[in-house]
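Q: These protein sequences, in sequence, are chains H and C. Sequential numbering of the first sequence, starting at 1, is according to this note's numbering. Sequential numbering of the second sequence, starting at 1, is according to this note's numbering.
Please keep in mind that the hints were generated in silico from the structure rather than gathered at the bench. Since no wrong hints were added, every one of them can be taken at face value.
Where chain C lies over chain H, by a calculated footprint (3+ residues, C-beta under 8 Å):
id	segment
1	64-77
2	95-103
Pairwise CB distance ranges (calculated):
id	chain 1	residue 1	chain 2	residue 2	range
3	C	77	H	100	33 to 41 Å
4	H	67	C	260	38 to 46 Å
5	C	57	H	131	53 to 61 Å
Quick caveat, the model's predicted, so the values are computed rather than measured. In this text, a Cβ means the ideal position worked out from N, Cα and C, and glycines have one as well.
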Amino acid sequence: MQLSLNGVGHVYGGTDVLSDITLDIPGGRILCIVGPSGCGKSTLLRLIGGLERPARGQILQTGTPPEGCLNPLTYVFQDFALLPWRSVEGNVRLVLEDHRLGADAVERIVADVLARTRLSDFRTALPRQLSGGMKQRVAIARALAVNPAVMLMDEPLSALDAQTRELLMDDLVTLWTRSPFTAVYVTHNLAEAVRLGHRIVVLSRRPGRISEVVDIDMPLDARRADDPDLARHQQRLWGVMRDAARAADAELLNG
Amino acid sequence: MAEPVPFRGGGFAPRAKRGVGLVVFVLLIAFLEWGTRAGLISALTLPRPSDVLAEFGALYRSGRLWDNLLPSLQRLAVGATFGVTAGILVGFVIGLFSYARAGLVPLVAALFPIPKIALLPLFVIWFGIDEASKYALIAFGTFTPTVVATHGAVDNVDRTLIRMGQSFGLSWFSIVRKIVLPGAMPGILSGLRISLAIAIILLVAAEMLGAQTGIGAYILEAGSLYDLERLFAGVTILSVLGVTVSFIITRIERRLLRWRN
Numbered sequence: 001m002q003l004s005l006n007g008v009g010h011v012y013g014g015t016d017v018l019s020d021i022t023l024d025i026p027g028g029r030i031l032c033i034v035g036p037s038g039c040g041k042s043t044l045l046r047l048i049g050g051l052e053r054p055a056r057g058q059i060l061q062t063g064t065p066p067e068g069c070l071n072p073l074t075y076v077f078q079d080f081a082l083l084p085w086r087s088v089e090g091n092v093r094l095v096l097e098d099h100r101l102g103a104d105a106v107e108r109i110v111a112d113v114l115a116r117t118r119l120s121d122f123r124t125a126l127p128r129q130l131s132g133g134m135k136q137r138v139a140i141a142r143a144l145a146v147n148p149a150v151m152l153m154d155e156p157l158s159a160l161d162a163q164t165r166e167l168l169m170d171d172l173v174t175l176w177t178r179s180p181f182t183a184v185y186v187t188h189n190l191a192e193a194v195r196l197g198h199r200i201v202v203l204s205r206r207p208g209r210i211s212e213v214v215d216i217d218m219p220l221d222a223r224r225a226d227d228p229d230l231a232r233h234q235q236r237l238w239g240v241m242r243d244a245a246r247a248a249d250a251e252l253l254n255g
Numbered sequence: 001m002a003e004p005v006p007f008r009g010g011g012f013a014p015r016a017k018r019g020v021g022l023v024v025f026v027l028l029i030a031f032l033e034w035g036t037r038a039g040l041i042s043a044l045t046l047p048r049p050s051d052v053l054a055e056f057g058a059l060y061r062s063g064r065l066w067d068n069l070l071p072s073l074q075r076l077a078v079g080a081t082f083g084v085t086a087g088i089l090v091g092f093v094i095g096l097f098s099y100a101r102a103g104l105v106p107l108v109a110a111l112f113p114i115p116k117i118a119l120l121p122l123f124v125i126w127f128g129i130d131e132a133s134k135y136a137l138i139a140f141g142t143f144t145p146t147v148v149a150t151h152g153a154v155d156n157v158d159r160t161l162i163r164m165g166q167s168f169g170l171s172w173f174s175i176v177r178k179i180v181l182p183g184a185m186p187g188i189l190s191g192l193r194i195s196l197a198i199a200i201i202l203l204v205a206a207e208m209l210g211a212q213t214g215i216g217a218y219i220l221e222a223g224s225l226y227d228l229e230r231l232f233a234g235v236t237i238l239s240v241l242g243v244t245v246s247f248i249i250t251r252i253e254r255r256l257l258r259w260r261n
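Sequences are here, hints too, so could you generate the full structure?
A: Structure, rendered in structure tokens:
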């Protein structure tokens, strides 16, 4: 299944936040969207997943979702969005319960995704007992459980500390290498973008427009944090973004 | 000269201290006992605690305790069950539907401040002098605070969790049952504490105004005879009733809200 955006724009209370976004989301690859704060990148993600309606333009899906896909467009949220009253296992089961899968199938899926995210030993733990990194792994396990066609990741590592972020990036690369998934990955962190993105889209300051598209061909599992090629890409992207980021920083909120 | 840095971080962190509450009770009662025996407190001001206890024993042995307590408990249980159930339902409807909110919130705001006891004569006309009017009074009295607590609790459910439910394609009913209801539970239970305390107050008021049996009737009768021992025995029963209700809610909270700390 492929998604394509056609002249998408959005308005909040009279202010243009996104303007004329035309973009194809290729299957089996990770597309990163970066931009200064307030450029509408999270809004764009909510539009892509159908949590909000675009004011202009359209978002089209072509082709059918893969076999066994329960929820084609699936989010991973910045603040994890785990139900605090459900265990790790219960949080994964939540998204399977409405699908009448039968106890065996549910158990198989739960065991599989928890094993893939290395959470099998923490099935019965409650979210308050988990570290931030583990919470996000539960959220990723929950997203994998519905076998999504496209994963929509909204700054998934931004609420975590630097070490945990590094570990979780490795986890994501391992997951993707083992079975490639399609993802739209929104972040303000350029290091994450060059480590995880096959294609990086830079949005300009509000109203967000596409100001640059960069493809990085290096395989994900070959990318190291100190790779000179990646550092060059990161420097270049920062050069594109710096002035916009500075201007965004000087702007009043809701101004 | 080297001195240790002075510690300034103490206080403002309440901790559970076992038994302190009991000690306060015991000391207070011991003081009253001593004061009444020593003549410091006259028998017309306060009865002697041991006399109240003796009166309570007599009440228990004569069987009149159950004759009065059981009807009261029944009124409390039936009235509060109706009021709380209806209140939670209406609170959810207000919390979930915009039209219901727009239509019902002003109505609830208008009903809330009415002293429900003022409506007892009306309820007697509507439901008769018997049990039904007392049920109605208690139900109505618990209904409004439960509505307010429930709809506030529903409003306070984390919106990101609801968005999450929608983004995974959960049905509306699933979102309400699995996300909104447990998310609102802490607020509903703390509202329940207030509602049930109001229920006990209204129970006594209703029994004072028109009942042959019940703790309220017993207290009223003792009061009109200036029988302070019996009056205090009755008041003690109410106090114990209140503590018991609060204890039960605490147990329910521990069970249902284990996921908090």
